[in-house]
Every structure is written in structure tokens, then in C-alpha cells.
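**Student:** Add chain B with the ligands to chain A, keeping to what the hints say.
Letter by letter, the chains look like this.
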Amino acid sequence: MAGILIYSDKTRLALELAEAARQLGLAEDRAYKAVSINHDEQSLELAARGLEVFSIQRSELAAADTAAMASALCQTAEQLDVDTILLSSDRRGKELAGRLAEAWGAGCLTGVKEWVFLEGRTACARSALGGATEAIQIINSPRRVIAISPRAFIPVEGVEKGSVQPMEVKIEASTIKLVETRSLAGDTVDIQAAARLIVVGQGVENQEELTRGQKLAVLLKAEVACSKPVASDKKWLPEDRIVGLSGKLCKPDLAVILGVSGQVQFTVGIREARVIVSINKDENAFMNKMADYVLVGDLLEVLPELEKYLSQ
Amino acid sequence: MNIVVAMKQIPDLQQIRIRNRQPLLDDVPLTFGNIDKNALEAGMQIKEANQGKVTVVCAGPRELADTVKEALAAGADEARLLIVEEEMDSAQSARLIAAALRQMEQVDLIIMGEGSGDNYSSQVGSRVAQILGIPQVGFASCIEVKGSVVRITRSLEDCEEIIEAQLPVLITVMSDINTARIPSVSQILRAGKKPVVSIEAQELGIDIGELSIETISNLAPEMQRRQIVTTSAAELVRALESEGFGGRG
Ligand SMILES: Cc1cc2nc3c(=O)[nH]c(=O)nc-3n(C[C@H](O)[C@H](O)[C@H](O)COP(=O)(O)OP(=O)(O)OC[C@H]3O[C@@H](n4cnc5c(N)ncnc54)[C@H](O)[C@@H]3O)c2cc1C
Ligand SMILES: Nc1ncnc2c1ncn2[C@@H]1O[C@H](COP(=O)(O)O)[C@@H](O)[C@H]1O
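Quick note, the sequences are listed as chains A and B, same order. Under my numbering, the first residue of the first sequence is numbered 1, with each subsequent residue one higher. Under my numbering, the first residue of the second sequence is numbered 313, with each subsequent residue one higher.
Treat the hints with care, since some could be wrong.
Claimed, not checked - What the simulated footprint calls covered on chain A by chain B, stretch by stretch (three residues with Cβ under 8 Å from a Cβ of chain B suffice, anywhere in the stretch; the number is not a length): (1) 33–39; (2) 43–57; (3) 85–96; (4) 175–184; (5) 250–264; (6) 269–280; (7) 287–295.
Stated by the list, open to error - Quick list of simulated restraints, FRET-style, between CB atoms: (8) A:142 - B:558: 52 to 62 Å; (9) B:514 - A:175: 28 to 38 Å; (10) A:180 - B:398: 23 to 33 Å; (11) A:44 - B:373: 43 to 53 Å; (12) B:528 - A:163: 30 to 40 Å.
Worth flagging that the hints you see were computed from the coordinates, not collected in a lab. Backbone N, C-alpha and C fix where the C-beta goes; we use that ideal spot for every residue, glycine too.
Just chain A, with the same shape it has in the complex (with noise of 0.2 Å):
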């Protein structure tokens, strides 16, 4: 049986894949193995997990060029014998799964949370309709690209010593160019590790309070949260805290929502959180039907008076 490829330029969405990997290579009795591009270090990191790693080193290959990255690997499928190739769903593997699918002829899935085995066939589980629902799909093609959520499978566990082997391919002259690369610096914070999220909506109507529900998270031992508009529209925050369909997928035990209204791009985000709680102005807001707890009430009084009890 043809096997699975795992890619991600990123070490630990690589890791995390690898797990994908492994269970669906459990399933479908598929052997799986790694590519690693211009990256040592996660050659050596996914080989000491028990992978049979390919390393292309080529220094004119460049991420960035997403037509020479699918022509890469489609070339390297031909050469392993797979017939299904594992991405991650950051921006840069979705940017890249549409194209390689396309040069590789592949059906392919982005966003995919999970596997779901259903006799004999694979399904995976994808957020559909903006969120508001979870759809259950199979690729029917006999290749398949599917991009992997991050933080939907834990890293692999090392078992047995695997190996890095060198891997040859032709690379396309390059049409674009890479002028410079700026790294958001400064913001460190991982939402999806935090096991309590403060997490600010439009409902938190001025910097003040923002610096208000900050310090509610640091009474809590919270990490600061918030929904797309906060950062995007307003830049109170760094768009890496944006909970939701276009920010992150986060599983808080504790998750208190100040003013977020609740629409289901901002919900698939926070929905799987063990408790959640919603402080709104508004009685009807959706975000209270999806609360464990509600208090109904303005933040401009209802911070003040948390922060009073929580430093009791």
C-alpha cells in the first residue's frame, strides 16, 4: 500500500502530523515518512521519533515561493511511492496544500481536526458553514492532500531510532522575490496552551478597560484572549490572540468572555473550553447560550467590582 508524506516548515506542527500520521497509517495500514526542507535541525528532531526523514537541502528553495514548494514535494511523492500527503493548516501549509494538490492531482481537505474512521474509509472532520456546523468528508480521489489544524493531534511520542536520507529534486527558477522578512516580535503568548483565557470583545469599550480585563486575567492567571475585531479593526492586541475560525482553536478549562456577542466564527473557537463564562450587557446575546455561567451587566461596572472580590 502507498504510503503518507508529512510536511510542515515548522518543527512542531511537523511533530504533531506525525501523530496524524501515525494513526491514520494504524488504520489504513500505510507506512509514513517525513520530508524536511533546508531545515537540520527538524530532520535530526523527527528522526529521533522514529521517522524515515528525506531532507531536501537546496538554499534556492524558498518557502515563501509557494509554486516551487509544491513542485518540490509533488516530486518527492513521485519518488516515495505515497499516495497521501499531510500538511498543516497554518497559512502557510493552506497556501501551499491548494497548489500541490492541483501539480500532484490530489482531492484535497484543509482545516481537518480529526480523523473519523468509518468501515474501511477515512473521514475527516472540518468546520463548515463559518462554523456553525463540523462536516464529516472523505476525499474520493486516489490522492489525497489533507491539511492538519494545528494543535488537533499531540506531538508523536519517540519510539525507535528512525533515519535521515538526502532526497534529490529538480527546483523551478523562482518568480517571485522574497524581499524581506519582518518577524511580529515581542508577543511570546501561546492562547492555546493557556488553561485560562480572559478573552475581550468590542463589548470592552475602551482601553481603560482592556487594561481592566488584563488585569482581571492576572488575578485569574489568565493569559489575555480576544475576538477578531478587537485586534484586527482596533490593534488593541496582536492578531495571535484572536480566538476563532481565522484566529486559533482553544480548549482553556476556563474561558471568561467579556462583550463578545457570540457569532459562530468568533464560538468555534472557545466552544470546546471545560468552562465558559459570559459577561454581557445584553441578555439575549448568543454568547450566553453557549455559557456555563452568565452575568448579565455592563463591564464598565461589573470589572471593578470582579477585581474587588478576586483580590479578597
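**Tutor:** Same frame as chain A, now just chain B with the ligands:
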């Protein structure tokens, strides 16, 4: 400068109701995805800065003839509708759109959304770029055109890339690239007079292949929350404590 913006017709997501976990799509008005409206706005801004024409291309069922007026009112100069009644997957949509683009004379810039409102799979743009054999840049938060070179900021989770490419290029945009304009009444009235070419997909003379994605089910996730209403901050703090979430740790 010929700019094409691909927009997908979808049910208005805000108006979808759920009953017995089933999404109720009947009677939900059709519209374009929000991000696709940002894609159109991006095209409009480039047109305004560089002169040219914005053509909207949409593949989907016949109701498009009505839905597309939204895009024409928002400034698109003309529209091409590729009419297909059957459900299509991303690969099929991409093949149709690529075929329509090939029929058009000189396309310089193709702009799409980073993801469609209903499927949000981020595939169609990449697939079209591959079929046409042109460079692509996804997740753009800024686009500047200078002559035949376009400079794009690609916004990734941990960094931004500044990329230059020669036209033609396919770009997908993020929703925060701009705020889409809201058409005035007179623009809405004029939209009806703009040229719309409707093409039955079969007439494009290409084989879009079989549907490769089979949907087994599509249900709202089960969600039971307690919805316990607390009437004061003090009561909420007590509730949190009882759940093991005290203040100060
Ligand atoms: C394709 C797509 C993807 C998207 N992805 C995301 C995503 O990943 N994440 C995301 O968050 N959104 C996303 N959105 C946007 C989403 O649809 C909503 O617009 C957004 O979540 C609304 O944010 P909000 O609830 O903070 O603001 P609003 O909808 O404006 O809600 C504010 C809430 O605060 C309450 N309020 C106001 N003042 C007070 C006060 N003083 N005290 C108490 N309560 C108050 C109001 O009653 C209201 O309920 C996406 C949209 C699309 C189309
Ligand atoms: N049927 C369609 N007609 C026109 N454009 C489409 C269609 N489907 C997808 N697109 C474009 O491709 C983008 C990505 O769609 P998707 O791959 O479905 O996430 C959308 O934002 C649109 O710009």
C-alpha cells in the same frame, strides 16, 4: 490594467438557523463572503490608483445573476458568471474559473479571498494559480502595484513577508486588508446597467472532472452548556471558586 476578482456566492451565514443540529438553508438570502468583498475592494483600490478595469468572476448557480449586483454596485465594472447548478468541490471550481480566465484577453492581476465564507478551505486561489502556471501570494495584507511589478505583504502567523512579483500574479487577501465600501443608492441603481456575461459551464468546453469530496454529514456540534445566570460579580466569583477557579490562583 485588467483586474479579476473571484467571488463566491454563499448563504448569508448570519441568517442560518440550526434545528436538530441541521443547518436550515432554505430561504436564507444569498450573498458574497465578507472576505471576497475585501478582495473586490482591494481590486477597486488598485484600479483607482492605476487605471484599468475590474471584472468579477463567479462560478455557481443561476441566482448569481441577482447576487452579482452587489459586486457591481460596489464598483466592479463588469461580471462573468459561470453557471453550474450542481455542487462543486474546490478543484472543480478552480478548473472552471481558470478556464474562464483563459478566455479573457490579458488578465494582469487576479484577486481572491483567503477563504470562502462557507467552505473556508483556501484552495481555489492556489489551484487556479497552478493551472495557469503563474506566481501566487496568499494572505496579503497590503498590495502595491508599480508598473508591471506588484509588491505584496504576506501576513503569516509569526512574520510578514514582503514579496515582489511580475504581473500576472494571483493574490489572496486577508479580511483586514481594507474595509469594503458600502455602495450608495445611485450606485445600486446603476449596477443593473453594467455588463454581465453569463456562460453555461458546459460552453467553456472543459472537463471539470468528478466531485472528489464526499460529505457524509454536516451538523452543528452538540453543545450543552448550563447557562446558569448569576446576578452579581460576587455570585460569579463564588461560582468560579466552586469550580476550582479561585482568585490569586
Ligand atoms: C470568514 C470569517 C471569519 C471570522 N473569523 C473570526 C474569528 O476567528 N474570531 C472572531 O472573533 N471573529 C471572527 N469573525 C467575525 C465575527 O463574525 C464577529 O464579527 C466577531 O466575532 C464579533 O466580535 P465581538 O463579539 O467582539 O463584537 P460585537 O459583535 O460587536 O459584540 C460586542 C458584544 O459586547 C456587548 N457589549 C457592548 N458593550 C458592552 C458593555 N459595556 N458591557 C458588556 N457588554 C457589552 C454587546 O452586547 C455585544 O454582545 C469572522 C467573520 C468571518 C466572516
Ligand atoms: N465558486 C466560486 N466562484 C468564484 N470564486 C470562488 C469560488 N469558490 C472560491 N472562490 C474564490 O476562492 C477563494 C477561496 O475559496 P475556498 O478555496 O473555497 O476557501 C474565495 O475567497 C473566492 O475568492
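**Student:** Closer than 8 Å Cβ to Cβ for three or more residues is the test here. Does the stretch 287–295 of chain A pass it with chain B?
**Tutor:** holds (count 8)
**Student:** Take a look at whether the Cβ-Cβ distance between residue 44 of chain A and residue 373 of chain B falls inside 43 to 53 Å.
**Tutor:** holds (52 Å)
**Student:** Falls inside 52 to 62 Å, the C-beta gap from residue 142 of chain A to residue 558 of chain B?
**Tutor:** holds (56 Å)
**Student:** Check whether three or more residues of the stretch 43–57 of chain A sit with their beta carbon closer than 8 Å to a beta carbon of chain B.
**Tutor:** violated (count 0)
**Student:** Starting from the range 28 to 38 Å, see whether the pair residue 514 of chain B and residue 175 of chain A falls in it by beta-carbon distance.
**Tutor:** holds (33 Å)
**Student:** Mind taking a look at whether chain B covers the stretch 33–39 of chain A? Criterion is 3 or more residues with CB to CB distance under 8 Å.
**Tutor:** Per the Cβ count (0), the hint is violated.
**Student:** Could one say that the CB atoms of residue 180 of chain A and residue 398 of chain B fall in the range 23 to 33 Å?
**Tutor:** With Cβ atoms ~45 Å apart, the hint is violated.
**Student:** Holds or violated: the stretch 175–184 of chain A covered by chain B, criterion of 3 or more residues with Cβ-Cβ distance under 8 Å?
**Tutor:** Check passed, 10 qualifying residues.
**Student:** Can you take a look at whether the stretch 269–280 of chain A is actually covered by chain B? Rule is 3+ residues, C-beta closer than 8 Å.
**Tutor:** Check passed, 5 qualifying residues.
**Student:** Counting residues of the stretch 85–96 of chain A with a beta carbon closer than 8 Å to any beta carbon of chain B, are there 3 or more?
**Tutor:** Contact hint for the stretch 85–96 of chain A vs chain B: holds, 6 residues under 8 Å.
**Student:** Between residue 528 of chain B and residue 163 of chain A, does the C-beta distance stay in 30 to 40 Å?
**Tutor:** holds (38 Å)
**Student:** Quick check: do three or more residues in the stretch 250–264 of chain A have a beta carbon closer than 8 Å to a beta carbon of chain B?
**Tutor:** With 4 residues in contact (Cβ-Cβ under 8 Å with chain B), the coverage given for the stretch 250–264 of chain A holds.
Of the hints listed earlier, those the structure fails to meet are numbers 1, 2 and 10, in rising order.
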